[in-house]
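Peer 1: Protein chains in written order, with my numbering: chain G, 1 to 323; chain L, 1001 to 1323.
There may be inaccurate statements among the hints.
Said to hold, decoys possible - Among the chain G residues that face chain L by a calculated CB cut under 7 angstroms, a handful are:
1) Leu-104
2) Ile-142
3) Glu-178
4) Leu-192
5) Val-201
6) Glu-205
7) Thr-237
8) Phe-242
9) Gly-252
Said to hold, decoys possible - Label-pair restraints from in silico Cβ distances:
10) L:Arg-1312 <-> G:Arg-71: 50 to 56 angstroms
11) L:Lys-1267 <-> G:Gln-28: 36 to 42 angstroms
12) L:Leu-1322 <-> G:Asp-143: 27 to 33 angstroms
Claimed, not checked - As a list, the in silico DSSO-like pairs of lysine-lysine whose alpha-carbon atoms are at most 30 angstroms apart:
13) L:Lys-1128 <-> L:Lys-1264
14) G:Lys-267 <-> L:Lys-1249
15) L:Lys-1249 <-> G:Lys-264
16) L:Lys-1249 <-> G:Lys-249
17) L:Lys-1267 <-> L:Lys-1249
18) L:Lys-1131 <-> L:Lys-1264
19) L:Lys-1323 <-> G:Lys-128
20) G:Lys-267 <-> G:Lys-131
21) G:Lys-284 <-> G:Lys-132
22) L:Lys-1264 <-> G:Lys-267
23) G:Lys-128 <-> L:Lys-1249
24) G:Lys-267 <-> L:Lys-1132
25) G:Lys-132 <-> L:Lys-1267
Just so you know, these hints were derived from the structure itself, not from any lab.
Even glycine gets a Cβ: it sits at the ideal position worked out from N, Cα and C.
There are 2 protein chains.
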Amino acid sequence: MQRIAVDAMGGDNAPQAIVEGAVMAAEQGISVCLVGDQKAIERWLPKNSDIPIVHAEEQVAMDEAPLQALRRTSESSLRKMLDLVESGEVTGAMSCGHTGATMLGSVLHLKTLDKVDRPALAVVLPRKDGKKLVLLDVGANIDCTPEQLVCFAQMGAAYGRILGMDNPRVAVLANGEEEGKGNALVRDTLGLLAQTDLNLVGNMEPESAIDGGCDVLVCDGFVGNVLVKSLEAATSTVLHLFRQEIHAKWTGRFGAWLLTGAMKRLKNRVQWDAHSGSILLGTKGVVVVGHGRSNARAVCTAIQLAASAVNRGLVDRLAQHLK
Amino acid sequence: MQRIAVDAMGGDNAPQAIVEGAVMAAEQGISVCLVGDQKAIERWLPKNSDIPIVHAEEQVAMDEAPLQALRRTSESSLRKMLDLVESGEVTGAMSCGHTGATMLGSVLHLKTLDKVDRPALAVVLPRKDGKKLVLLDVGANIDCTPEQLVCFAQMGAAYGRILGMDNPRVAVLANGEEEGKGNALVRDTLGLLAQTDLNLVGNMEPESAIDGGCDVLVCDGFVGNVLVKSLEAATSTVLHLFRQEIHAKWTGRFGAWLLTGAMKRLKNRVQWDAHSGSILLGTKGVVVVGHGRSNARAVCTAIQLAASAVNRGLVDRLAQHLK
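I would like the entire structure built from these sequences, with the hints used as guidance.
Peer 2: Here it is, written out as C-alpha cells:
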C-alpha cells in the first residue's frame, strides 16, 4: 500500500498550508502522514482527522547551507521524512522546503540509481498544443557537466515514456536554433547526445519547445530555474496588467465579468509555475519538491504528483530504462 | 545632424518589413538611409521617397559563423552599414540580421570604449510598477567571465542614468535570493561587484526584478537570451490560450469585444520580446539590434531607439561614466 510522507514544516506557508493540503489529498483517497512539530501540526489538523503525525523536533531553515543543515541534526522534519522513505514505511515523500537540502538529503539517504551521478528536478509544463513538455533540471544542480546533462536527457526521456510519450523528442535549451548556437556546455552536451540512441532534435529556444517542438527539454539547473521562473513572472504580470487595464473602463469591467469562466480555465492551463511540484529523478525513492510559496491546493497537487509517480512505479521503471 | 543607417537585408522579413519600417521612421522625422541590394530596396520603397540607398552586393546569412561572415566579404549590407558609422557619414545603425555578426563587426570596425573588453546587448523591459528594467547581456556574449559581467553592470548602470534613473539599483540574475545562491559565475561576479561603487542589491530572481526589485539586471548572454525569450514565449502563449478560451462561449466572445481596447493597451505594456530592439553598449558607435522577426512597426521602433540613443549622446556619456 502506498503512503506519502509530507514535510509539514517546509515552505513559506508551513505548517498551515501543508496540513490543509495534506487533508485535501487524504480526502481524495491518498494515504498521507505528516512529519513535523506535533503541536504545530495538530493546531491546523481537524479534530476528527486520522492522518498520522511523525514528530520532528527541528526543521531546516531556508537560508542554511544544504550539507550543514543535514549535518546539524537528524531530527529535522526533512530528514525524518526521508528516513521514512528509506525504511520503507512510506512509498514517497513531498516537501515544499529547502530544495537544495531535499536534493542532497535524498542523495545521501536514499542513494542514486545506477549510472546516475546527480539526480535532477523535472517539471511537466503545458505546451501550446495541449500536450506536455518535460523540463529538467530546474534547480537541483546549478553547475553541471555535459555528462550530467546527458544523464538528465536519458532520465527525462524515460520519464516521458512513463508519462505515456512515444519515443520522446529530446532537445537542449539554447539561445538559438541554428547549428553551433549555445554556450560551451550546450555544444559539448549536443556532441555527446548525438552518440546516444535518444531521439535528439538538437538545440531549441524556449518558445519552440512550448510550441511543441520537443517533448523533453534539457538544461542545467541554473538556467532551468531561470526559465521556469521567467514563465511564472511573465504569466503573473500579464494577468496582473490585464486586470488593471480591465478596470480602467466600465466596458472592461463588464467584459471581464463575462469572461470570468474563460479566465479561470486560462489560469488552469498556464500552470508553468511549478506550483504542481517538481519531481526528483534518479534517486531510489519518490521525492517531490513543492513550490516554496505553495498554498493548500498546490500542496495537494504536489502530493498527488508523488502518489501518481508511486503508482506508475517511477523508480523501478526509471532504473530499467537507464540499464 | 543625425542619420541612422538601416541594414535592409537583415531579418526574417527583409527587405520588405525593413524598408516599410524605415519609411515609417522617416515619416516621423528621423533621417535614415537604407543599406542593401538597390533593386530589392526600390521594389518596396514608394516612388516619391527621398530615402537614400547605399548599395551592397552581398548579405550575411543567418547560419554563417560571425567571423567567417565578416571575412568572406566587405560588400555585405551589415559591413557597409558599419562602415557608414565608422566614417561618420551616419550617427547610428540598426540591423535585424545576424546578432553575432553585428556584435563582432561592431567590435572590429567601431572598436570598444576604454575599459570595455566585450560590448553587451541591453534591452529595456517594462516592470510591473510601470517603470523600466535594463537587462543585459541578452545574447552578445554567450560564455562570460565575472570581470565581463562587472563591466556589463557598470555599462547597465550608466545606461540607466542616461535613461533618467537616479542611482540605479543593480542585481545579478540568479536562481534564488538567499545569500550564496547562483552558479559559480554569479557568485564570483557578486564578490567583485561588492568592491565597486555600484548600488548593488545582490542576487535576484526574474519575478522580483520585474516586480521592481532592481533597475539593472545583469547576466551572461546565454541566460539573458533564455530569460527574454521565456518572457516572450509565456506572453504569447497566455494571449493565445486566452483567445482560445474566449471563443469557447458566446459570453466570452461578447466579453472579448468589450475588452478590445484593454487587450490592445495590454499588448503595448508587455513588450518583453525585445521587439523594440536591443542596444549594443560599449562600442564607439550607436548600434541597435532589432528582433529577427520584426515587422515594419518593430523596425520603426528599433530605428527610433537608435535615434534616441544618438540624441542622448549615448556613446560619449557611456565613456564618461566608465572613466
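Peer 1: Work down the list of hints and note, for each, if the structure agrees.
Peer 2: Here is what the structure says about each hint:
1. The beta carbon of Leu-104 (chain G) is not positioned within 7 angstroms of any beta carbon in chain L (closest approach about 14 angstroms), and the interface hint is therefore violated.
2. Because the beta carbon of Ile-142 (chain G) sits about 5 angstroms from the nearest beta carbon in chain L, less than 7 angstroms, this interface hint is met.
3. Contact between Glu-178 (chain G) and chain L, as hinted, is supported at the beta carbon level, the nearest pair being about 5 angstroms apart and thus within 7 angstroms.
4. A least Cβ separation of about 18 angstroms between Leu-192 (chain G) and chain L goes past the 7 angstroms threshold, and the interface hint is therefore violated.
5. The interface hint given for Val-201 (chain G) is violated, since its Cβ lies 17 angstroms from the closest Cβ of chain L, which is over the 7 angstroms cut-off.
6. Against a cut-off of 7 angstroms between C-beta atoms, the interface hint on Glu-205 (chain G) holds, since the closest Cβ of chain L lies about 5 angstroms away.
7. Taking 7 angstroms as the C-beta cut-off, the interface hint given for Thr-237 (chain G) holds, the closest approach to chain L being about 5 angstroms.
8. The restraint placing Phe-242 (chain G) at the interface with chain L holds, with a minimum CB-CB distance near 5 angstroms, inside the 7 angstroms limit.
9. Interface restraint check: Gly-252 (chain G) against chain L, minimum CB-CB distance 5 angstroms, threshold 7 angstroms, status holds.
10. For Arg-1312 (chain L) paired with Arg-71 (chain G), a C-beta distance near 54 angstroms keeps the hint of 50 to 56 angstroms intact.
11. Between Lys-1267 (chain L) and Gln-28 (chain G) the C-beta distance comes to about 40 angstroms, which sits within the given range of 36 to 42 angstroms.
12. Here the CB-CB span from Leu-1322 (chain L) to Asp-143 (chain G) is close to 30 angstroms, well matched to the stated 27 to 33 angstroms.
13. The straight-line distance between the Cα atoms of Lys-1128 (chain L) and Lys-1264 (chain L) is roughly 17 angstroms, inside the 30 angstroms bound, and the hint therefore holds.
14. Our distance criterion of 30 angstroms between C-alpha atoms is met by Lys-267 (chain G) and Lys-1249 (chain L), whose separation comes to about 17 angstroms.
15. About 14 angstroms separates the Cα atoms of Lys-1249 (chain L) and Lys-264 (chain G), which keeps this hinted pair within 30 angstroms; it holds.
16. Among the hinted pairs, Lys-1249 (chain L) with Lys-249 (chain G) is consistent with the structure: their alpha-carbon atoms are about 23 angstroms apart, no more than 30 angstroms.
17. The suggested pairing of Lys-1267 (chain L) with Lys-1249 (chain L) holds, with an alpha-carbon distance near 23 angstroms, which does not exceed 30 angstroms.
18. Restraint check for Lys-1131 (chain L) and Lys-1264 (chain L): satisfied, since their Cα atoms lie roughly 19 angstroms apart, inside the 30 angstroms limit.
19. The straight-line distance between the Cα atoms of Lys-1323 (chain L) and Lys-128 (chain G) is roughly 48 angstroms, outside the 30 angstroms bound, and the hint therefore fails.
20. For the suggested pair Lys-267 (chain G) and Lys-131 (chain G), the alpha carbons sit about 16 angstroms apart, so the restraint of at most 30 angstroms is met.
21. Between the alpha carbons of Lys-284 (chain G) and Lys-132 (chain G) the distance comes to roughly 25 angstroms, so the proposed pair stays at or under 30 angstroms and holds.
22. Under the criterion of a C-alpha separation no larger than 30 angstroms, the hint pairing Lys-1264 (chain L) with Lys-267 (chain G) is consistent with the structure, at around 20 angstroms.
23. In summary, the hint linking Lys-128 (chain G) to Lys-1249 (chain L) is supported, as the alpha carbons are separated by about 20 angstroms, within the 30 angstroms threshold.
24. About 26 angstroms separates the Cα atoms of Lys-267 (chain G) and Lys-1132 (chain L), which keeps this hinted pair within 30 angstroms; it holds.
25. Pair hint Lys-132 (chain G) plus Lys-1267 (chain L) holds up; C-alpha atoms about 27 angstroms apart against a cutoff of 30 angstroms.
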